[in-house]
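Chain S: place on chain X using the hints.
Order-wise, the sequence lines are chains X and S. Going by the numbering used here, the first sequence opens with residue 359, and the numbers climb by one from there. Going by the numbering used here, the second sequence opens with residue 3, and the numbers climb by one from there.
Honestly, the hints are just simulated from the structure, not real lab data. We put the beta carbon where it would ideally sit given N, CA and C, even for glycine. Some clues are possibly wrong.
[Said to hold, decoys possible] Pulled from the structure, derived: some chain S residues nowhere near chain X, Cβ distances all over 12 Å:
(1) Gly16
(2) Lys17
(3) Ala21
(4) Arg66
(5) Asn73
(6) Gln82
(7) Gln87
[As the list claims (entries may be wrong)] In silico SDA-like links for lysine to any residue, alpha-carbon gap of 25 Å or less:
(8) S:Lys64 to X:Gly359
(9) X:Lys456 to S:Asp99
(10) X:Lys456 to S:Met71
(11) X:Lys456 to S:Phe67
(12) S:Lys64 to X:Met453
(13) X:Lys456 to S:Glu104
(14) X:Lys456 to S:Gln70
(15) X:Lys426 to X:Asp360
(16) S:Lys13 to X:Pro398
(17) S:Lys13 to X:Glu400
(18) X:Lys435 to S:Tyr106
(19) X:Lys456 to S:Phe47
(20) X:Lys414 to S:Leu98
(21) X:Lys456 to S:Thr9
(22) S:Lys13 to S:Val91
(23) X:Lys456 to S:Ile57
(24) X:Lys456 to S:Thr40
(25) X:Lys456 to S:Ala90
(26) X:Lys456 to S:Gln39
(27) X:Lys426 to X:Ser384
(28) X:Lys456 to S:Ser60
[To be verified] With beta-carbon atoms standing in for the labels, derived distance ranges:
(29) S:Val42 to X:Ser384: 14 to 24 Å
(30) X:Thr365 to S:Thr22: 32 to 42 Å
(31) S:Gln87 to X:Thr365: 19 to 29 Å
As a plain string of letters, each chain reads:
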Amino acid sequence: GDSVTQTEGQVALSEEDFLTIHCNYSASGYPALFWYVQYPGEGPQFLFRASRDKEKGSSRGFEATYDKGTTSFHLRKASVQESDSAVYYCALGNMGYKLTFGTGTSLLVDP
Amino acid sequence: NAGVIQTPRHKVTGKGQEATLWCEPISGHSAVFWYRQTIVQGLEFLTYFRNQAPIDDSGMPKERFSAQMPNQSHSTLKIQSTQPQDSAVYLCASSLDWGAYEQYFGPGTRLTVL
Numbered sequence: 359g360d361s362v363t364q365t366e367g368q369v370a371l372s373e374e375d376f377l378t379i380h381c382n383y384s385a386s387g388y389p390a391l392f393w394y395v396q397y398p399g400e401g402p403q404f405l406f407r408a409s410r411d412k413e414k415g416s417s418r419g420f421e422a423t424y425d426k427g428t429t430s431f432h433l434r435k436a437s438v439q440e441s442d443s444a445v446y447y448c449a450l451g452n453m454g455y456k457l458t459f460g461t462g463t464s465l466l467v468d469p
Numbered sequence: 003n004a005g006v007i008q009t010p011r012h013k014v015t016g017k018g019q020e021a022t023l024w025c026e027p028i029s030g031h032s033a034v035f036w037y038r039q040t041i042v043q044g045l046e047f048l049t050y051f052r053n054q055a056p057i058d059d060s061g062m063p064k065e066r067f068s069a070q071m072p073n074q075s076h077s078t079l080k081i082q083s084t085q086p087q088d089s090a091v092y093l094c095a096s097s098l099d100w101g102a103y104e105q106y107f108g109p110g111t112r113l114t115v116l
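Just chain X, with the same shape it has in the complex (with noise of 0.2 Å):
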């Protein structure tokens, strides 16, 4: 079945530091990839996704790029915020709807 990947189970990080979360997936057909964001008391927010190959998904200062050779969507940001400091999924969508979520990624940003 459908699964996806995600390394790192906490970052710690101080403002401005570059942020890499790895997401690695496995999956039948062409999935779209997608990476969510939970804050505290609240469900998982969209950030951004992407669809095809090399396709890059953004949002907020966050990016990744979908590589189907790879099998990977690492999520980058150039200068992390204490703002920032939530829990990240990656996840998959297969057969038209259902999502697949990786087990997550804990950012703690020190000011």
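Frame of chain X; chain S shown alone:
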């Protein structure tokens, strides 16, 4: 746009009791989803409705769990004879249509089974 509304936000039940969770999707959205979130299992898909019709319930435990969407403005998730392992945050999401993967999530209902 009020977003997806879920009630109650917190529910505590005793083992063996029934729990009903409510979801009001965003107006105009034809797809409604239920997910379960736990520390151990993470975010798990439970079931999906499109235009109120059940399409996929492959993530639902076969016994004790049921979901309905009697009209376009609300969906319910019912858990009969609740067990401690049912304790989780239950999330409802909606999207504009099939294939419109941008799913908007509600804040969730935290269910605690004692």
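Structure-based check of all given hints:
With 12 Å as the threshold on Cβ separation, the claim that S:Gly16 sits away from chain X holds: the shortest Cβ distance comes to roughly 25 Å. Residue placement check: S:Lys17 keeps its beta carbon more than 12 Å from all beta carbons of chain X (closest about 26 Å). With 12 Å as the threshold on Cβ separation, the claim that S:Ala21 sits away from chain X holds: the shortest Cβ distance comes to roughly 19 Å. Look at S:Arg66: its CB is around 22 Å from the nearest CB on chain X, clear of 12 Å, so calling it non-interface holds up.
Under the 12 Å C-beta cut-off, the non-interface status given to S:Asn73 relative to chain X holds; the minimum distance is some 20 Å. Every CB of chain X is more than 12 Å from the CB of S:Gln82 (nearest about 25 Å), matching its label as outside the interface. Even its closest Cβ contact with chain X, about 19 Å, leaves S:Gln87 beyond 12 Å, as expected for a residue assigned away from the interface. A threshold of 25 Å between alpha carbons decides the hint, and for S:Lys64 with X:Gly359 the separation of about 19 Å falls inside it, so the pair holds.
With a C-alpha separation of about 12 Å, the suggested pairing of X:Lys456 with S:Asp99 holds against the 25 Å cut-off. Restraint check: the Cα-Cα separation between X:Lys456 and S:Met71 comes to about 18 Å, which is no more than 25 Å; the hinted pair holds. Among the hinted pairs, X:Lys456 with S:Phe67 is consistent with the structure: their alpha-carbon atoms are about 19 Å apart, no more than 25 Å. Between S:Lys64 and X:Met453 the CA atoms are separated by roughly 22 Å; this keeps the pair inside 25 Å, and the hint holds.
With a CA separation close to 11 Å, the supplied pair X:Lys456 and S:Glu104 stays within the 25 Å bound. Straight-line distance between C-alpha atoms of X:Lys456 and S:Gln70 comes to about 18 Å, which keeps the hinted pair within the 25 Å bound. For the proposed pair X:Lys426 and X:Asp360, the alpha carbon gap of about 15 Å is at most 25 Å, so the pair holds. For the given pair, S:Lys13 sits about 18 Å from X:Pro398 by alpha-carbon distance, which is consistent with the 25 Å threshold.
Restraint check for S:Lys13 and X:Glu400: satisfied, since their Cα atoms lie roughly 16 Å apart, inside the 25 Å limit. For the hint linking X:Lys435 to S:Tyr106, the alpha-carbon distance of about 23 Å falls within 25 Å, and the restraint holds. Using a Cα cut-off of 25 Å, the hinted pair X:Lys456 and S:Phe47 holds, with the two alpha carbons roughly 7 Å apart. A C-alpha spacing of about 23 Å is found between X:Lys414 and S:Leu98, which places the hinted pair at or below 25 Å, so the restraint holds.
The hinted pair formed by X:Lys456 and S:Thr9 meets the criterion: a straight-line CA distance of about 23 Å does not exceed 25 Å. A hinted pair counts as satisfied when its Cα atoms are at most 25 Å apart, and S:Lys13 with S:Val91 qualifies at roughly 10 Å. For the suggested pair X:Lys456 and S:Ile57, the alpha carbons sit about 11 Å apart, so the restraint of at most 25 Å is met. Between the alpha carbons of X:Lys456 and S:Thr40 the distance comes to roughly 18 Å, so the proposed pair stays at or under 25 Å and holds.
Note on X:Lys456 and S:Ala90: the hinted pairing holds, with a Cα-Cα distance of about 20 Å set against a maximum of 25 Å. The hinted pair formed by X:Lys456 and S:Gln39 meets the criterion: a straight-line CA distance of about 15 Å does not exceed 25 Å. Under the criterion of a C-alpha separation no larger than 25 Å, the hint pairing X:Lys426 with X:Ser384 is consistent with the structure, at around 10 Å. Between X:Lys456 and S:Ser60 the alpha-carbon distance is near 10 Å, which keeps this suggested pair within the 25 Å criterion.
Distance hint check for S:Val42 and X:Ser384: the Cβ-Cβ separation is about 21 Å, which falls inside the suggested range of 14 to 24 Å. The hinted window of 32 to 42 Å between X:Thr365 and S:Thr22 holds, with their beta carbons roughly 39 Å apart. Remark: the range hint 19 to 29 Å for S:Gln87 to X:Thr365 is upheld by a beta-carbon distance near 28 Å.
Going through the hint list in order, the structure satisfies each hint without exception.
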